[in-house]
Amino acid sequence: MAANQGERTRRRLSTGERREQLLAVGARLFSENPYDDVWIEQVAEIAGVSRGLLYHYFPTKRDFFAAIVERESERMLRITEVVPGVPVRDQLAASLDTFLAYVEEHAHGFRAFHRADAAGDQAVRRVYQRSLAAQEHQILAALDGDPEFARFTRGRADLRIAVRGWLAFTTAVCLEWLRGADLSRDQVRDLCARALWGVIAP
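The sequence shown begins at 1272 in this note's numbering and counts up one residue at a time.
Simulated from the structure, these hints should not be mistaken for laboratory data. Hints are supplied without guarantee of correctness; some may be wrong.
[Unchecked claim] Label pairs and their calculated CB-CB ranges:
1. Asp1457 with Asp1388: 27 to 35 Å
2. Glu1288 with Val1470: 21 to 29 Å
3. Arg1283 with Glu1419: 50 to 58 Å
4. Phe1440 with Val1354: 20 to 28 Å
5. Ser1285 with Val1357: 14 to 22 Å
Think of the CB as a built atom: it goes at the ideal place given N, C-alpha and C, for glycine as much as any other residue.
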């Protein structure tokens, strides 16, 4: 086993592969530890690279964590992208299924992403807040473009707060699910779907 690990460490990686490796290691560490308790030296040691190489990719710890948060945000936005012309009600179950598969497959990244709001670094928190705003915009645009919902959601002053609350609810449910809550993926999906219909109802 040790020999195999050594071979993987010595294998020359492309720039993209090395960056992805470092982000994956960082996601695991940040998902398991508070921001202030993660040291850049840990990441370099686990990845089998020098600190100098790590700093070449990410000049500061802030840059490193922000890159992890941005990567997870891009993944979530991509997998939940709305299909124009398809009713929101028809898309929601499939979108939540895809999202929950992501949560399971990228549990470290998902946890790390949601630790960003508690990070003491304001620059990192701003990256996180921009990511949430993008998710909100995606949902609000889908509702606004669907005749079934636009008739009672358009122009509502409370809708943005309602959607932000639903995102927080869904996050809390997913984190509990990852901790071992006794729910199937279908149960989590249906719970989150019911919650969205509840918060957007007039």
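Need the list of violated hint numbers for this structure, in ascending order. When the structure is compared with the hints, numbers 2 and 5 turn out to be violated.
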